[in-house]
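Each protein sequence line maps, in turn, to chains A and B.
Heads up, the first sequence is in our numbering, so the first residue is 298 and it goes up one at a time.
Heads up, the second sequence is in our numbering, so the first residue is 2 and it goes up one at a time.
In short, the hints are calculated from the structure, not lab data.
Among the clues, some could well be false.
What the hints assert, rightly or not - Some chain B residues well away from chain A (every beta-carbon gap over 12 Å; in silico):
#1 Ser24
#2 Phe35
#3 Phe167
#4 Ala210
#5 Leu217
#6 Phe259
Stated by the list, open to error - Stretch by stretch, here's where chain B covers chain A in the computed footprint (C-beta under 8 Å, at least three residues):
#7 429-441
#8 523-534
What the hints assert, rightly or not - Here are some of the chain A residues that sit facing chain B, going by a computed Cβ distance under 8 Å:
#9 Leu323
#10 Ala327
#11 Gly373
#12 Arg392
#13 Leu445
#14 Ala542
#15 Trp543
#16 Ala545
#17 Ala546
#18 Leu560
#19 Thr565
#20 Leu566
#21 Leu567
#22 Thr570
Being a predicted model, the structure only gives us computed values, none of them experimental.
All C-beta atoms, glycine included, are put in the ideal place defined by N, C-alpha and C.
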Amino acid sequence: MLARISRHLLRIALTLLLGGLLAATLIRYAPGFDTDEQQMDSRLSSESIEALRQQRAAQGNLFHFYGRFLSSAVRGDFGHSQTLNRPVRELVGERLPVTLRLMTCGLVVGWSLAMLFAVSATMARIAAWDVATTAVAGLFLCIPSAVLALAFVFLRAPGYLALGLMVFANVFRYWRNLLDKSYAMPHIITARAKGLGTLRILLYHVLPVSGAQLLAVAGISVSIALGASIPVEALCGIPGIGQLAWQAALGRDLSLLVTLTLLVTVMTLLANTTSDLLGQAFRTQRA
Amino acid sequence: MKRIRQFACGLLLAVGIASLGASVFAPAGYDTQFRDELPNAGPSKLHWLGTDDLGRDRFARVLYGTRVSLLLAPAAALLSTLLAAFVGTLAGYIGGAFEKLALAGTDLFLSLPWLFLLLMVRAMLPLNVSAFTSVAVTFLLLGLLGWAASARVLCAGARSIRNSDFVLLARASGISRARLLMRHVLPNLKPVLLAQFWISIPVFILSEANLGILGLGVAEPLPSWGSLLRELESFANFSGEYWRLVPLLLLVVTVTSFQLILSRDEVTA
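Go ahead and model the full structure; you've got the sequences and the hints to work with.
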């Protein structure tokens, strides 16, 4: 287990380094990188403008630029946001808890709805209910997440409910299929034929079989929730990481974007690793 | 199910024909301003869906916007499927270190949420560009960044074919690797390729809509579903003007039709 955890951590570190290099490459070669609005400020002296130019020129080499970013990041300095004129570290520190709260609530709502609908549709085996649940989940899949967020603004409902519905729509069909397969297994059919209680079948026979895969889907849904948090936070006025990313994108605040990219990558990889390790523990316990 | 699929195909065909015939159904064009009328006017004989806040015919903008989204999303899907086919098939077929490297590359792309990746890369490119450049940039980005998930599926497919008996037999009979790939592996991957192509279209339509609403999609005056849906930001002031929801309705109908055309197996593949 320890070896598995260290392998995962090594993989996360490598992905982060490569992802950071990719982001730095994109930023270094993005149109307009060499120019700065401050260079057009008539109040600045020619020495100041020259100093700004030299500062930009020092970032010219990609590896130098990335190396400097990494060494500063190790010391906890993630640069300065141009658009918000504040240290990136401060901004992230303020907004990360908001996003984590939103995501936790959204995921709980989404997973609960998906599990409730998936279990009821699989066990009830009523055609109308099956069609209705699939149609509801399908409908939410066909609505852009930004429109769903706007609808919740209009309804004055909390943003985490919009996030929950998006997670529900994405998770439901996979969980439904997994549960369908589990319920069709011979030992579960036998258990049902012998009159075992519904809850007992679910807890003692279905979940141990499909638990690892259900957890894997749950892990992926964290990434879905992170992506959906951008329109939800931007349009519902929730001051989290998603809104910050949107503001950084509109303002082309590149240093802020690199930090946010790395942060979101860490969050996604940690969620996937956790679900993978939990799934592995599940399988080991079963064996 | 077959009837539902036929109905969905019919709907898509109708929407497609209407958008392609936009210049016939709405000869005014998407950027003509009717300055002698009030902006945000209600539906009339001249303007079936009224006019927008700049006095442009909303029906014409919906038709032209549908054309942009409905033609360019499949083009982006084709590009991403081709990229995925190239990376995924080669990785699965060659195997070994190359497969590991290719899968690490796809993992790198998949480690960022899709919308976040789009937002980040779109922000790197100039935002203040002409309408046609913004269309090209938006859909090219969708095509160039959306290949990773499909590549993983295709890699798994190619790997299973590589390990199959008929490929072993073909290799034993001395067939060249290139011929094996072109004659035996790729034709057997055709259903997976097609499924990935069809799955990508609604994903790209929705992504463009999300980018448009967030102000990072197609620029004015060219309409797309994303830019048309930006109007919904002021939905609280609509006071019963439900004809403004037509672009959303059209988008939902189109995406639903695409989902219905795909069978459940293809969607969960």
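How the hints compare with the structure:
1. Ser24: holds (27 Å)
2. Phe35: holds (27 Å)
3. Phe167: Non-interface label stands for B/Phe167: nearest chain A Cβ at 28 Å, farther than 12 Å.
4. Ala210: Label violated. Min Cβ-Cβ 4 Å, cutoff 12 Å.
5. Leu217: violated (6 Å)
6. Phe259: Since the minimum Cβ distance to chain A is about 9 Å, B/Phe259 lies within 12 Å and the statement is violated.
7. 429-441: holds (count 6)
8. 523-534: Since three or more residues must qualify, the claim that chain B covers the region 523-534 of chain A holds, with 7 doing so at under 8 Å.
9. Leu323: holds (5 Å)
10. Ala327: holds (4 Å)
11. Gly373: Constraint on A/Gly373 not satisfied, violated at 22 Å.
12. Arg392: At 15 Å from the nearest chain B Cβ, A/Arg392 fails the 8 Å test, so the hint is violated.
13. Leu445: violated (10 Å)
14. Ala542: With a minimum Cβ separation of about 6 Å from chain B (threshold 8 Å), the hint on A/Ala542 holds.
15. Trp543: holds (6 Å)
16. Ala545: holds (7 Å)
17. Ala546: holds (4 Å)
18. Leu560: violated (10 Å)
19. Thr565: holds (5 Å)
20. Leu566: The hint holds - A/Leu566 has a Cβ within 8 Å of chain B, the shortest such distance being about 6 Å.
21. Leu567: Violated, about 11 Å.
22. Thr570: Interface hint status for A/Thr570: violated (11 Å vs cutoff 8 Å).
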